[in-house]
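Asker: Chain by chain, the residues:
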Amino acid sequence: MEGIIRILRRFVAATLLFSLFLLLFNFVLLGTLVFTENDQNSSPEGIVKQVTQGLEMKKDSFQLDRQATELLQQNHAWAMLLGENGHVIWEYHIPHDVPDFYNLVDVAKFSRYYLKDYPVYTSEHQEGLMVVGYPKESHWKYQLDFLAEWISSLPLRIVLLLLCNLALALLISIVIGTRLIRKIRPLVEGVHNLAREQEVQLDTKGIFGDLAQSMNSASAILQNKTAALQSRDEARANWIAGISHDIRTPLSLILGYASEMEDQSDLSEEQRHQAGIIRSQGEKLRSLVSDLNLVSMLEYEMQPLHLKYIRLSVLGRQVVTEFVNHGLDDRYDIELKLADEAVRVHGDEKLLLRAISNLVQNSVRHNPQGCKITIETSLSQDRSQYRIIVRDDGRGIPQEQLAEITELYFSARRKRPDQQGHGLGLPMVARIAKAHHGHLILANGVDQRGLTAIMEFPVQTINPIYPTHD
Amino acid sequence: MENLKDKKILIVDDEPEIRIMIERFLRKEGFYRIYMAGDCTSALSICREGKPDIAILDVMLPDGDGFSLLSSIKQLTDIPILFLSARGEDEDRLLGLGLGADDYIVKPFLPRELVLRLMAILKRVYSSPVAERLPVFRLGEQTIDLESAVVHRNRKELSLTAKEHAILVKLYENQGRIVTSDALCQAVWGDDSYGYENTLMVHVRRVREKIERDPSKPIHLLTVRGLGYKLLVKEIR
Numbered sequence: 000m001e002g003i004i005r006i007l008r009r010f011v012a013a014t015l016l017f018s019l020f021l022l023l024f025n026f027v028l029l030g031t032l033v034f035t036e037n038d039q040n041s042s043p044e045g046i047v048k049q050v051t052q053g054l055e056m057k058k059d060s061f062q063l064d065r066q067a068t069e070l071l072q073q074n075h076a077w078a079m080l081l082g083e084n085g086h087v088i089w090e091y092h093i094p095h096d097v098p099d100f101y102n103l104v105d106v107a108k109f110s111r112y113y114l115k116d117y118p119v120y121t122s123e124h125q126e127g128l129m130v131v132g133y134p135k136e137s138h139w140k141y142q143l144d145f146l147a148e149w150i151s152s153l154p155l156r157i158v159l160l161l162l163c164n165l166a167l168a169l170l171i172s173i174v175i176g177t178r179l180i181r182k183i184r185p186l187v188e189g190v191h192n193l194a195r196e197q198e199v200q201l202d203t204k205g206i207f208g209d210l211a212q213s214m215n216s217a218s219a220i221l222q223n224k225t226a227a228l229q230s231r232d233e234a235r236a237n238w239i240a241g242i243s244h245d246i247r248t249p250l251s252l253i254l255g256y257a258s259e260m261e262d263q264s265d266l267s268e269e270q271r272h273q274a275g276i277i278r279s280q281g282e283k284l285r286s287l288v289s290d291l292n293l294v295s296m297l298e299y300e301m302q303p304l305h306l307k308y309i310r311l312s313v314l315g316r317q318v319v320t321e322f323v324n325h326g327l328d329d330r331y332d333i334e335l336k337l338a339d340e341a342v343r344v345h346g347d348e349k350l351l352l353r354a355i356s357n358l359v360q361n362s363v364r365h366n367p368q369g370c371k372i373t374i375e376t377s378l379s380q381d382r383s384q385y386r387i388i389v390r391d392d393g394r395g396i397p398q399e400q401l402a403e404i405t406e407l408y409f410s411a412r413r414k415r416p417d418q419q420g421h422g423l424g425l426p427m428v429a430r431i432a433k434a435h436h437g438h439l440i441l442a443n444g445v446d447q448r449g450l451t452a453i454m455e456f457p458v459q460t461i462n463p464i465y466p467t468h469d
Numbered sequence: 000m001e002n003l004k005d006k007k008i009l010i011v012d013d014e015p016e017i018r019i020m021i022e023r024f025l026r027k028e029g030f031y032r033i034y035m036a037g038d039c040t041s042a043l044s045i046c047r048e049g050k051p052d053i054a055i056l057d058v059m060l061p062d063g064d065g066f067s068l069l070s071s072i073k074q075l076t077d078i079p080i081l082f083l084s085a086r087g088e089d090e091d092r093l094l095g096l097g098l099g100a101d102d103y104i105v106k107p108f109l110p111r112e113l114v115l116r117l118m119a120i121l122k123r124v125y126s127s128p129v130a131e132r133l134p135v136f137r138l139g140e141q142t143i144d145l146e147s148a149v150v151h152r153n154r155k156e157l158s159l160t161a162k163e164h165a166i167l168v169k170l171y172e173n174q175g176r177i178v179t180s181d182a183l184c185q186a187v188w189g190d191d192s193y194g195y196e197n198t199l200m201v202h203v204r205r206v207r208e209k210i211e212r213d214p215s216k217p218i219h220l221l222t223v224r225g226l227g228y229k230l231l232v233k234e235i236r
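Going down the list, the sequences are from chains X and A. Numbering of the first sequence is given in numbering that gives the first Met the number 0, commencing with residue 0 and proceeding in unit increments. Numbering of the second sequence is given in numbering that gives the first Met the number 0, commencing with residue 0 and proceeding in unit increments.
Everything labelled a hint here was simulated from the structure, so no lab data went into it. Ideal Cβ placement from N, Cα and C applies to all residues, glycine included. Among the hints, a few may not be true.
Claimed, not checked - Cut-off 30 Å, straight-line C-alpha distance, at most; resulting in silico cross-link-like pairs (DSSO-like, lysine-lysine):
1) A/Lys229 to X/Lys307
2) A/Lys229 to X/Lys336
3) A/Lys122 to X/Lys349
4) X/Lys433 to X/Lys371
5) A/Lys73 to A/Lys7
6) A/Lys122 to A/Lys229
7) A/Lys216 to X/Lys336
8) X/Lys307 to A/Lys162
9) X/Lys182 to X/Lys204
10) X/Lys349 to A/Lys229
11) A/Lys209 to A/Lys155
Claimed, not checked - If you want the footprint, here are the derived chain X segments under chain A, 3+ residues with CB under 8 Å:
12) 246–253
13) 310–319
Start from the sequences, fold in the hints, and give me the full structure.
Answerer: Shown next, in the form of structure tokens:
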């Protein structure tokens with residue numbers, strides 16, 4: 000909604016600016032186009048003046064100069080000079096229906112309006128009154144009369160007029176704007192919903208009908224694609240779940256009878272040893288099947304998470320303890336560096352334990368010559384992420400393999416088969432981190448020695464309540 | 000204890016090989032009253048006639064699933080149920096346990112694992128509560144009686160406080176293995192026990208004063224730096 004109000008505000012401002020500009024433009028036009036015509040020499044007042052100046056008394060007769068004559072000809076005008084006694088003492092092309100004598104009343108009448116329907120203009124001449132007439136209906140004459148008070152309040156009235164104009168423009172722009180917005184609003188919501196991958200179903204009537212229709216069909220296409228992707232992912236996950244289910248029953252029989260033979264005292268030691276190999280390989284297969292199942296469930300986001308608030312430092316300590324309790328070989332030195340222990344993340348305890356223990360297991364398995372493993376926890380600088388870092392100083396992973404090591408080995412992106420282990424360890428860690436809105440970063444240690452695995456998780460901002468000590 | 004082997008066990012699984020194998024293991028362990036069924040219908044009729052004492056159920060059966068079979072059996076008779084499933088999903092585990100199953104084992108399983116869990120359920124349900132007693136064990140010159148929460152030392156009796164007792168029980172359950180200080184705090188003060196580490200140290204110190212000859216140089220209750228504590232035990236009973 001914020002966006003729409005912004006649009007409306009801009010629209011109104013633009014309209015007001017536009018109206019002001021239009022008003023100014025009109026004033027300029029009025030000045031340049033309309034009134035220029037009257038300012039020219041050919042205006043009636045100008046011509047009368049020229050004719051008056053151009054008429055000279057020479058040896059008892061009047062002489063009109065060439066320039067004034069041309070002007071009169073161009074305008075199809077006529078002229079006469081009235082003497083002091085009201086008689087016409089000079090004339091130029093005077094029409095027949097114009098009388099040659101005028102009394103005071105006649106003069107007063109035509110000087111204001113028309114003379115026999117001829118628009119006439121007057122000017123004072125040395126010898127009398129100069130009258131210039133134009134053809135009938137070529138000019139309109141009006142008399143302007145104003146009160147002084149009216150003239151003095153004119154600026155105020157003009158300002159008032161401008162204000163009224165502005166108010167009207169504002170009102171119209173708001174009305175048009177809101178109407179437009181009302182039409183646009185569903186479209187804006189539709190676009191936002193499209194981005195959120197929600198279904199969009201807009202009314203296709205009205206001026207934006209085309210746009211609405213396009214958005215509806217875009218939404219339909221998106222929905223179909225998402226559904227297709229989802230069903231394909233589900234099919235894959237179900238396929239893997241089905242296969243692991245089908246493997247479990249025969250594997251139960253293999254494990255069961257092999258472990259029974261291992262305990263059979265009437266078999267030779269070698270046979271019992273071989274049964275033990277079958278049993279331990281069967282157990283490997285068992286863990287592979289359940290890991291494969293877990294990774295594919297995580298990959299297709301079908302793994303249920305049992306979330307609670309967890310301190311990663313506790314998990315780090317637990318993993319190290321488990322490795323020590325299970326008799327970690329002396330070749331491996333394991334160290335804990337915990338910081339900001341109170342910080343908690345929201346996560347599935349079992350999965351996070353699995354992730355940390357996979358990382359340690361990875362360091363152990365890839366460094367049979369032995370190495371030093373460090374588990375660190377710390378808070379990021381902006382205190383928004385909590386990290387658990389598993390670092391070793393062993394062989395590390397070649398730089399070119401780092402990027403693809405977290406891909407699943409049945410994915411086309413991972414080319415080289417993993418030689419040690421089943422290759423699900425690190426992909427599983429990456430997916431567990433992702434399921435917790437975190438991520439796994441793998442990097443080589445200093446001087447290309449050893450592997451550093453960093454898991455980052457968003458910190459849960461609720462303040463842990465410290466219990467009172469007793 | 001011996002009478003546990005007289006208990007009647009019902010095995011329900013649609014795979015005959017699995018049924019035969021489980022029967023074999025159970026017979027080897029000394030059980031001899033074993034019923035078998037391949038589907039829900041025959042399982043229910045056995046429940047009505049044979050009155051088994053415990054049932055091992057597969058989740059996927061040809062004429063229904065194990066969860067509904069569990070509900071039907073529980074209506075007939077209140078016997079303990081152990082699920083045996085080829086579906087490893089957590090949801091199934093929770094659903095099974097939520098419906099009142101006593102345990103849940105995921106296939107493939109080791110026979111020893113199955114027998115141990117089965118025995119544990121039978122013991123819990125059918126044995127007299129006497130067997131539930133907490134142990135008495137010897138630590139060097141001291142004898143520690145967890146049942147009555149006392150330490151016998153030089154013919155003197157030192158009683159353990161509730162917290163000291165809880166610490167010793169947790170360490171004893173995991174004897175010979177390191178128990179993290181977090182796990183100990185949780186066992187003593189419950190969930191959300193962060194911040195108790197120093198208090199734990201004080202309590203451990205007091206435990207040592209009772210069970211160690213020289214509390215400053217412990218030989219039974221050891222500190223594992225950075226991780227937690229470890230109890231080394233020689234049991235007498």
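Asker: Could you work out which earlier hints the structure fails to respect and list their numbers in ascending sequence?
Answerer: none
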